[in-house]
Amino acid sequence: MIKKYLGRLTISLVFSSVIFTTCKASPEQGKALYIQHGCWGCHGYEGQGGIAGPKLSPDPKPIDFYHGFVRYSSGAMPPYSEKILPKKDLIVIYEFLQSIPKGPDYKTIQILNN
Amino acid sequence: MTDKKNQDEIEPVLGRRSFLTSVITTSAIAAVTTQSAGAAEPINKLSSALPPNGQRVNAETLPPSEIARVPGKPGSDFMVDVIKSLGIEYLPTNCASSFRALHESLIDYGKNKMPEYINCMHEESAVAMAHGYFKASGKPLLTLCHGTVGLQHASMAVYNAWCDRVPLMIIGGNDMDAASRPPGVPTVHSAQDINGIVRDYTKWDDTPVSLQHFSQSFVRAYKIAMTPPYGPVAISLDAGLQQEPMKEQGDKAPYIPRYIPTSPPQGDSGAVQEAARLLVNAQNPVIVADRAARTPAGIDLLVQLAELLQAKVIDQGGRMNFPKTNYLSAGPTVVNNADVILGLELTDFWATVNAFTDNAINHGHGTNSTRVQSTTKLISINSVDLNTKANYQDFQRFQVVDVSMAADAQATLPSLIEAVRVALTNDRKAVIVQRGAETKKAYLANKNSTRIAAAVAWNASPISTARLVMEVFAQIKHLDWSLVASEGNVSNWPNRLWPMEKHYHWLGRSGGYGVGYGAPASVGAALANRTAGRFSVSIQSDGDLMYAPGVLWTAAKHKIPLLAVMHNNRGYHQEVMHVQRLANFRNRVVNLGGDTGPVGTSIENPDIQYHLLAQSMGWWAKGPIKDPAQLAPAIKEAVQVVLAGQPALLNVWTQPR
Numbered sequence: 001m002i003k004k005y006l007g008r009l010t011i012s013l014v015f016s017s018v019i020f021t022t023c024k025a026s027p028e029q030g031k032a033l034y035i036q037h038g039c040w041g042c043h044g045y046e047g048q049g050g051i052a053g054p055k056l057s058p059d060p061k062p063i064d065f066y067h068g069f070v071r072y073s074s075g076a077m078p079p080y081s082e083k084i085l086p087k088k089d090l091i092v093i094y095e096f097l098q099s100i101p102k103g104p105d106y107k108t109i110q111i112l113n114n
Numbered sequence: 001m002t003d004k005k006n007q008d009e010i011e012p013v014l015g016r017r018s019f020l021t022s023v024i025t026t027s028a029i030a031a032v033t034t035q036s037a038g039a040a041e042p043i044n045k046l047s048s049a050l051p052p053n054g055q056r057v058n059a060e061t062l063p064p065s066e067i068a069r070v071p072g073k074p075g076s077d078f079m080v081d082v083i084k085s086l087g088i089e090y091l092p093t094n095c096a097s098s099f100r101a102l103h104e105s106l107i108d109y110g111k112n113k114m115p116e117y118i119n120c121m122h123e124e125s126a127v128a129m130a131h132g133y134f135k136a137s138g139k140p141l142l143t144l145c146h147g148t149v150g151l152q153h154a155s156m157a158v159y160n161a162w163c164d165r166v167p168l169m170i171i172g173g174n175d176m177d178a179a180s181r182p183p184g185v186p187t188v189h190s191a192q193d194i195n196g197i198v199r200d201y202t203k204w205d206d207t208p209v210s211l212q213h214f215s216q217s218f219v220r221a222y223k224i225a226m227t228p229p230y231g232p233v234a235i236s237l238d239a240g241l242q243q244e245p246m247k248e249q250g251d252k253a254p255y256i257p258r259y260i261p262t263s264p265p266q267g268d269s270g271a272v273q274e275a276a277r278l279l280v281n282a283q284n285p286v287i288v289a290d291r292a293a294r295t296p297a298g299i300d301l302l303v304q305l306a307e308l309l310q311a312k313v314i315d316q317g318g319r320m321n322f323p324k325t326n327y328l329s330a331g332p333t334v335v336n337n338a339d340v341i342l343g344l345e346l347t348d349f350w351a352t353v354n355a356f357t358d359n360a361i362n363h364g365h366g367t368n369s370t371r372v373q374s375t376t377k378l379i380s381i382n383s384v385d386l387n388t389k390a391n392y393q394d395f396q397r398f399q400v401v402d403v404s405m406a407a408d409a410q411a412t413l414p415s416l417i418e419a420v421r422v423a424l425t426n427d428r429k430a431v432i433v434q435r436g437a438e439t440k441k442a443y444l445a446n447k448n449s450t451r452i453a454a455a456v457a458w459n460a461s462p463i464s465t466a467r468l469v470m471e472v473f474a475q476i477k478h479l480d481w482s483l484v485a486s487e488g489n490v491s492n493w494p495n496r497l498w499p500m501e502k503h504y505h506w507l508g509r510s511g512g513y514g515v516g517y518g519a520p521a522s523v524g525a526a527l528a529n530r531t532a533g534r535f536s537v538s539i540q541s542d543g544d545l546m547y548a549p550g551v552l553w554t555a556a557k558h559k560i561p562l563l564a565v566m567h568n569n570r571g572y573h574q575e576v577m578h579v580q581r582l583a584n585f586r587n588r589v590v591n592l593g594g595d596t597g598p599v600g601t602s603i604e605n606p607d608i609q610y611h612l613l614a615q616s617m618g619w620w621a622k623g624p625i626k627d628p629a630q631l632a633p634a635i636k637e638a639v640q641v642v643l644a645g646q647p648a649l650l651n652v653w654t655q656p657r
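Chains as they are written, first to last, in my numbering: chain V, 1 to 114; chain F, 1 to 657.
Chain F on its own, in the form it takes in the complex (with noise of 0.2 Å):
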């Protein structure tokens, strides 16, 4: 009993992983020489609660000197085939320790195909590089993070995809076992069950405790990520498991499941009958998309009912969902007199049909009115309601409809369109002609007015945000172009004037709102482009970028072509009204501190030379560019080095909006 407690003891430190042998050499090394007065730690001590001292940091920090062989086949490599069996095409990732099996394994083992790793410098660019790949390919990525402190890196990245509606994949990495995890920093990055981390804004997260468990809950994963609504899923992985030989379960070897994807759920039959119903007979009805066109497909689809309708289609832009050059496409104000409104997948249907002022009235509320007459039938199909969570609100105010679905869009577009047309009569047939005649004579003259407001200020330095995007589309019109990001308010002029028809012509935004998105999810884009012989192109702002830069590196380390033209408006430009709305109803000069915009919202004194930032991490760049002479010829420069397969950027000073 003695000899086995004396066992237990040692065993933890000096057993179970052989690669401790090497670290207790090293602790061994690095207590001589770092505690010099009095004798060195016994290396048998248990680790205390206190924070790790030098011997303990040496012991996680400095290479091992031999590491026993681990006999077998490590748990690790069957992860890797698991993960490969998913088709898993890149690993944007920052590493880490925790995941240091894994690591090996998938570029050694995995040969570093299928996926590759993509090295990133930020744990919330890896995530947000996924978001934007997903969106540009239909397909999701998986990224490792680092137990406590990577996870919390990507929090927000992964609450923006939450957000937006995509699937990628999250494995962390973690010590879970307390009494043989390497002391110190491995330790103080562990915890009982990392996935509460994101577990608000993930679908689905386990915690699997054999490789047999992985294998079924890392396809299971997959699978809920990719129903919809898609989403975010998380598995915390445990640093033994990856490290250990694998061991047979029971008489076999653990198996990997067949991935089979799970059909989309449709709307009610009795419900799509009557929403066919409604809109046949509706005088004026309008059809509003959000994040309706999960695929190419659904853009035809959606332009099959809207042309059968003869009904206006507002885009909100959460994903491409109508062509722009359609005479349907329609702004936000068509609400206004429309006397059934379909919603599709809309983030907020409260604030499709309902205007919010912030303007201090109703005790610094603000005021809240109706945008529609109170006869307006309302009919939703949203796959969202099927995965609400409590906590976070990104569920938006509460509407009533009068026909709503649980239902993903896309799926019940071809029944709907069925049901309409089953429905329709010659009389209503006639009706919808005429409607059209005058749909096309509003779209037309709406084109105009759009011409006529981009050309105001158009010689103005900063130069305006219209002609910041003309002079882009300019230049691109010709190549099989994708908006990849357009982040910091450009007034909406790409959606207004670009002819957006295909799905990757624009990528929708953040989701969350988590400014940081803009620059890593359109490398994250343009890296799916770059397989499909795209050119991606993104409007980058200034605040945007400066929330982990690095991944400028990335870009320039993996020959990830994209042109970014920035919108430097040296501000973080929500905030500068804010500041001044809110100083203006208490009645107070706002204080500016000597910059343009109030105290805590300017990015000047010093200007930031973003050009100077790329160039150091192997982009080509220029800027600043003020006059809007010189635009021009720079963006004709820059394309040139993007389709030899570079990334490129302008640094461009532009008005606010």
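If we strip away everything but chain V, and leave its shape as in the complex, we get (with noise of 0.2 Å):
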């Protein structure tokens, strides 16, 4: 089963470095695409995570592990499908994620220091 699985993520890992590129959407395209699908669900709508799913941004890992986690994931995430969720509309969320900024370093937010 895991044999499998890693196999079905690695090639989908080769193909997706191949193929993936940048679209060119808005940061406000990909926000409504990633509000439809439900990303913000578990993962905020800023992608800052929480309790239910893991910060996706800032900073987000490479799209390459995005493709083969949301279609390939057997953990607490459902996976998306090609169906339900279309490469085209993975790029555009990934660029809305790469598009949100750094926000201020907790040291200088003084209420969560004192």
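By construction, these hints were calculated from the structure, which means they are not laboratory data. Hints are supplied without guarantee of correctness; some may be wrong.
[Claimed, not checked] Think about it this way: if two alpha-carbon atoms lie no more than 30 Å apart in a straight line, the pair counts; the simulated DSS-like pairs of lysine-lysine are: (1) V:K55 <-> F:K441; (2) F:K626 <-> V:K102; (3) F:K440 <-> V:K55; (4) F:K441 <-> V:K102; (5) F:K441 <-> F:K324; (6) F:K111 <-> F:K441; (7) F:K441 <-> V:K61; (8) V:K55 <-> V:K87; (9) F:K429 <-> V:K102; (10) V:K107 <-> F:K324; (11) F:K557 <-> F:K324; (12) F:K559 <-> F:K636; (13) F:K636 <-> V:K107; (14) F:K84 <-> F:K223; (15) F:K477 <-> F:K626; (16) F:K502 <-> F:K429; (17) V:K24 <-> V:K87; (18) F:K441 <-> F:K139; (19) F:K636 <-> F:K622; (20) V:K107 <-> F:K477; (21) V:K55 <-> F:K477; (22) V:K102 <-> F:K447; (23) F:K441 <-> F:K429; (24) V:K102 <-> F:K477; (25) V:K107 <-> F:K559; (26) V:K55 <-> F:K324; (27) V:K61 <-> F:K447; (28) V:K107 <-> F:K447; (29) F:K557 <-> F:K477; (30) V:K55 <-> F:K626; (31) V:K55 <-> F:K447; (32) F:K626 <-> V:K107; (33) F:K502 <-> V:K107; (34) F:K477 <-> F:K429; (35) V:K87 <-> V:K107; (36) V:K107 <-> V:K61; (37) F:K557 <-> V:K107.
[Stated by the list, open to error] If you anchor each label on the Cβ, the simulated ranges turn out as follows: (38) V:P86 <-> F:R199: 52 to 60 Å; (39) V:F69 <-> F:D480: 43 to 51 Å; (40) F:I361 <-> V:D105: 55 to 63 Å.
For clarity, every value in this text was computed on a predicted model and none was experimentally measured. Every residue, glycine too, gets a C-beta built ideally from N, C-alpha and C.
Hints are included, so try docking the two chains, each in its own frame, into the full complex.
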């Protein structure tokens, strides 16, 4: 089972490295797709993560990672097939995640440090 | 014989309860006014099983024109004497006819003091108020429910109290005598056994048939409720018994039994010594506590044990068990490397040491995996082992443990601490000191990583839950604060970031996960905190508030100061994720129906103006607040309102979790 999963993941990573390029969509379009596909549910509207899902942004992992994980997750996150989340949408969502600026350093937030 | 038979037929309508004289008058008037065609129904005709007609409804709902005097001391006055003997402070209740006699006795004969009536708009709110009150004060309250309908309204809150091991007293009014009770509504609201509605999730119930029986059963019920494991108890109280004058029982009047608390059950001495031996010799012992600290003394005992062993403590949050400022406080993953785990009053030992992943594998059932080593020894001290029932499944999956004590954890801790002291050798003491130093480093590192996580999306709109929680804390930290409820998931930020040390800093959750607990339990706890001079604050979720928002009026009516800061994520968020998950498993695009979450999970279009809702019921309120920069000034203003003795609500639009 694990071997099968890893095999599919490897194929998908190689495949995605070849085909993933950038799209010319705006961050707003990316955010709309991010919400439409329910990513916000566990990861928050800004990809900040929380108790239900890990942080996605700022500094998202490489898109190859997301492609493999989104398609074949067998953990707490349900897998998203091509039918549910087409590649082109995934790319636009990824670009939205990349566009989210870093927040302030926690050391500069007084009420977090008292 | 004929005369007697006639009497029997007529007496139940004309006699037994003198108030019915006036009801009959009213019925007769109603019959004339509502049944213009044909003759009025004879007033001594027995009622049928058909739904009540207009005449019958009028008999129940119109005020009596005159009530004959009842000679002697009413039975319900004696019941008030019994209730007062137990020092019950408040009576959160939604009024009803089946306990009207007791109601009248409480407010007139009893002068509405000890207990004081708290006017509630739903029985579920009344019970949840008692639930919150107990956790803030350690004192149980009494609530009155109306026969079948009131108790059914109350039942969800009773289940929460059962799961959360909270004692409370319920009296259900019931017109038991089918031959003499008023026809129509009171009959529909009666049952042979109303306690059956809640029997699966109460510790005990009874149906007294005399005043002496009532006094014994009420004190017994209190005693049972207050013996760990705590729990709710129910008394079905006949309306006739309430209304009838006191009669002597044999040659003397009924007496009130003295309440003597029962000592909680302690662990067997042999099992305690074996647990101590395992803990002392462990390389990496971990203590897990859920509802371990029943009182503030429980926190002190747990600190003693943990520091003696330099063992990490996971506080699962059923109660405030362990100070978050103590470096031995740890997260749930520390069980992974434990070789001995001591579980104290755990709701779910299985899920403490195992993981379940809802991933549709295993024919859709998900996967299970262990989180601990195969050699890890498990010790359990749990009083709930003494009180498990068969139907409802709050006892969770079965977990094999190596040392199992059916005993109260707090009551057992002193002997366990002593046994650990005796078992400690100098060699083990040296190992334990070294373990403590390492734990302190890990604690500080974890604190920093928590702050880093909290800062992400700090300036986001809707407002991040971390920012919501910390902006609130910044405005109350100089006060003697009490977080009375935190409903709706805010990623557990209060427990991760607030310096919780005292028992009222954190009052746990609902117990049964019955949504609708947060708002009323907050008001109940705030009522207790008002007496104690504490500042009450709640994180109030949107879905929870809408179950029974009438409790807002109760808080305003009784001037209960409470700051409710809303975590308004505009949805039943747990279900947002569940439905999305199932759609993915089935390879379907989930139907949003024009909302943000799947159909049936969003609370938007239209957005509820919670601040206006609160204002309409007498609260100071503001909102919707979407810009994080506006949050601090609004909270500051609201804090001043609460300090002046009023409830205040802030409607804040937040991130989902």
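Here's how the hints hold up against the structure:
1. For the hint pairing V:K55 with F:K441, the CA-to-CA distance comes to about 25 Å; that is within 30 Å, so the pair holds.
2. For the given pair, F:K626 sits about 20 Å from V:K102 by alpha-carbon distance, which is consistent with the 30 Å threshold.
3. Note on F:K440 and V:K55: the hinted pairing holds, with a Cα-Cα distance of about 27 Å set against a maximum of 30 Å.
4. For the proposed pair F:K441 and V:K102, the alpha carbon gap of about 28 Å is at most 30 Å, so the pair holds.
5. For the hint linking F:K441 to F:K324, the alpha-carbon distance of about 15 Å falls within 30 Å, and the restraint holds.
6. Restraint check for F:K111 and F:K441: not satisfied, since their Cα atoms lie roughly 59 Å apart, outside the 30 Å limit.
7. For the suggested pair F:K441 and V:K61, the alpha carbons sit about 29 Å apart, so the restraint of at most 30 Å is met.
8. Under the criterion of a C-alpha separation no larger than 30 Å, the hint pairing V:K55 with V:K87 is consistent with the structure, at around 21 Å.
9. This hinted pair does not check out: F:K429 and V:K102 have alpha carbons roughly 47 Å apart, beyond 30 Å.
10. The straight-line distance between the Cα atoms of V:K107 and F:K324 is roughly 21 Å, inside the 30 Å bound, and the hint therefore holds.
11. The hinted pair formed by F:K557 and F:K324 fails the criterion: a straight-line CA distance of about 36 Å is larger than 30 Å.
12. For the hint linking F:K559 to F:K636, the alpha-carbon distance of about 20 Å falls within 30 Å, and the restraint holds.
13. Proximity of F:K636 to V:K107 is assessed by CA-CA distance (about 23 Å); at most 30 Å being required, the pair is judged to hold.
14. Our distance criterion of 30 Å between C-alpha atoms is met by F:K84 and F:K223, whose separation comes to about 15 Å.
15. Between F:K477 and F:K626 the alpha-carbon distance is near 23 Å, which keeps this suggested pair within the 30 Å criterion.
16. Between F:K502 and F:K429 the alpha-carbon distance is near 29 Å, which keeps this suggested pair within the 30 Å criterion.
17. Annotation: proposed proximity of V:K24 to V:K87 holds, straight-line Cα distance about 14 Å (limit 30 Å).
18. With a C-alpha separation of about 40 Å, the suggested pairing of F:K441 with F:K139 is violated against the 30 Å cut-off.
19. Between F:K636 and F:K622 the CA atoms are separated by roughly 12 Å; this keeps the pair inside 30 Å, and the hint holds.
20. At most 30 Å may separate the alpha-carbon atoms for a hinted pair to count; V:K107 and F:K477 meet this at roughly 19 Å.
21. Pair hint V:K55 plus F:K477 holds up; C-alpha atoms about 29 Å apart against a cutoff of 30 Å.
22. This hinted pair checks out: V:K102 and F:K447 have alpha carbons roughly 21 Å apart, not beyond 30 Å.
23. With a C-alpha separation of about 19 Å, the suggested pairing of F:K441 with F:K429 holds against the 30 Å cut-off.
24. The hinted pair formed by V:K102 and F:K477 meets the criterion: a straight-line CA distance of about 28 Å does not exceed 30 Å.
25. Only pairs whose Cα atoms come within 30 Å are accepted, and V:K107 paired with F:K559 is rejected, the gap being roughly 40 Å.
26. The straight-line distance between the Cα atoms of V:K55 and F:K324 is roughly 24 Å, inside the 30 Å bound, and the hint therefore holds.
27. With a C-alpha separation of about 24 Å, the suggested pairing of V:K61 with F:K447 holds against the 30 Å cut-off.
28. The suggested pairing of V:K107 with F:K447 holds, with an alpha-carbon distance near 12 Å, which does not exceed 30 Å.
29. At roughly 28 Å between alpha-carbon atoms, F:K557 and F:K477 fall within 30 Å of each other, so this suggested pair holds.
30. About 22 Å separates the Cα atoms of V:K55 and F:K626, which keeps this hinted pair within 30 Å; it holds.
31. For the suggested pair V:K55 and F:K447, the alpha carbons sit about 18 Å apart, so the restraint of at most 30 Å is met.
32. Under the criterion of a C-alpha separation no larger than 30 Å, the hint pairing F:K626 with V:K107 is consistent with the structure, at around 24 Å.
33. With a CA separation close to 27 Å, the supplied pair F:K502 and V:K107 stays within the 30 Å bound.
34. This hinted pair does not check out: F:K477 and F:K429 have alpha carbons roughly 37 Å apart, beyond 30 Å.
35. A distance of roughly 38 Å separates the Cα atoms of V:K87 and V:K107; the hinted pair therefore is violated under the 30 Å criterion.
36. At most 30 Å may separate the alpha-carbon atoms for a hinted pair to count; V:K107 and V:K61 meet this at roughly 24 Å.
37. Only pairs whose Cα atoms come within 30 Å are accepted, and F:K557 paired with V:K107 is rejected, the gap being roughly 44 Å.
38. Distance hint for V:P86 and F:R199: a CB-CB separation of about 54 Å, consistent with the stated range 52 to 60 Å.
39. Separation of V:F69 from F:D480 is about 47 Å and conforms to the stated range, judged on CB atoms against 43 to 51 Å.
40. Between F:I361 and V:D105, the C-beta spacing of about 41 Å breaks the proposed range 55 to 63 Å.
In summary, the structure is inconsistent with hints 6, 9, 11, 18, 25, 34, 35, 37 and 40 from the numbered list given earlier, while agreeing with the others.
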